[in-house]
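Work the whole structure out from these sequences, hints included.
One-letter residues, chain by chain:
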Amino acid sequence: NAGVTQTPKFRILKIGQSMTLQCAQDMNHNYMYWYRQDPGMGLKLIYYSVGAGITDKGEVPNGYNVSRSTTEDFPLRLELAAPSQTSVYFCASSYSGRGNYEQYFGPGTRLTVT
Amino acid sequence: DAKTTQPPSMDCAEGRAANLPCNHSTISGNEYVYWYRQIHSQGPQYIIHGLKNNETNEMASLIITEDRKSSTLILPHATLRDTAVYYCIVRFASGTYKYIFGTGTRLKVLA
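Read top to bottom, the protein sequences are chains A and B.
Take the first sequence: its letters are residues 1 to 114, numbered as in our numbering.
Take the second sequence: its letters are residues 115 to 225, numbered as in our numbering.
None of these hints come from the bench; they were simulated from the model.
Computed from a prediction, not measured in an experiment: that's the story for all the values here.
Just to be clear, a hint being listed does not mean it is correct.
As the list claims (entries may be wrong) - Each computed DSS-like pair below joins lysine-lysine, with the alpha-carbon atoms no more than 25 angstroms apart: (1) A/K44 / B/K222; (2) B/K212 / B/K183; (3) B/K166 / B/K117; (4) A/K44 / B/K183; (5) A/K57 / A/K44; (6) A/K14 / A/K44; (7) A/K57 / B/K117; (8) B/K117 / B/K212; (9) A/K44 / B/K212; (10) B/K183 / B/K166; (11) B/K166 / A/K57; (12) A/K44 / B/K117.
Here you go:
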């Protein structure tokens, strides 16, 4: 299993540009999440999904959009990038059945908006 | 929403036990305590979780007080590779399994 994969690893955007951060998991997890982490801070939840076709906002959703058309993929869309979106973005997934709801994290995408 | 409070940083000598405290005084009866760690800028890694009983696995032990208002993560024999930021998280019991991350404890293991 590759686990949770994210692409790209690094990206520099100009203000006003748009991009999509890709996230995929091969563990057949129903639950997927997007977080952002600013320097020296903990992770903040942007959006999450409990299954294909179902998404919901987290703590900091403004400026982002998500979609979940398949169980495996959960892309994060940035429209009109702003310097405040400079951050490291982590995707995660978890099992939705009974028991341990451990979240598995990807390696992150480091985004700089200038 | 139950929040957690952790000391910002701690040092521990290599080979000694590292005891990381966490306060979660507003925790609800059906909310779990989870611990994750983040090494450098990698994605967080699950360590252990518990509800009200003490738990142990190959990585660590988790001690939860009887009133469940605080807990301690114990790394029994810390190594240099345990240097990381450790996050104590209370998992919502609402069914969405969201986490709220605090700023964590930066543990530095000293040679």
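Are the Cα positions of A/K44 and B/K222 separated by 25 angstroms at most?
24 angstroms, holds
With the threshold set at 25 angstroms, check whether the alpha-carbon distance from A/K44 to B/K183 stays at or below it.
Roughly 23 angstroms between the alpha carbons, so the hint for A/K44 and B/K183 holds.
If you draw a straight line from the CA of A/K57 to the CA of A/K44, is it 25 angstroms or shorter?
11 angstroms, holds
B/K166 and B/K117: Cα distance at most 25 angstroms?
17 angstroms, holds
Given the proposed pairing of A/K14 with A/K44, does the C-alpha separation stay at or below 25 angstroms?
23 angstroms, holds
If you draw a straight line from the CA of B/K183 to the CA of B/K166, is it 25 angstroms or shorter?
10 angstroms, holds
Starting from B/K117, check that the Cα of B/K212 is at most 25 angstroms away, please.
Status holds; Cα separation ~13 angstroms.
Hinted pair A/K44 and B/K117, Cα distance within 25 angstroms
Holds, at about 13 angstroms.
Holds or violated: B/K166 with A/K57, Cα cutoff 25 angstroms?
30 angstroms, violated
Between A/K44 and B/K212, is the straight-line Cα distance small enough, at 25 angstroms or below?
Between A/K44 and B/K212 the Cα gap is close to 10 angstroms, so the pair holds against 25 angstroms.
Regarding the pair B/K212 and B/K183, is the alpha-carbon distance no greater than 25 angstroms?
Roughly 20 angstroms between the alpha carbons, so the hint for B/K212 and B/K183 holds.
Restraint status (C-alpha distance of A/K57 to B/K117 at most 25 angstroms):
19 angstroms, holds
Of the numbered hints given earlier, the model fails hint 11 alone.
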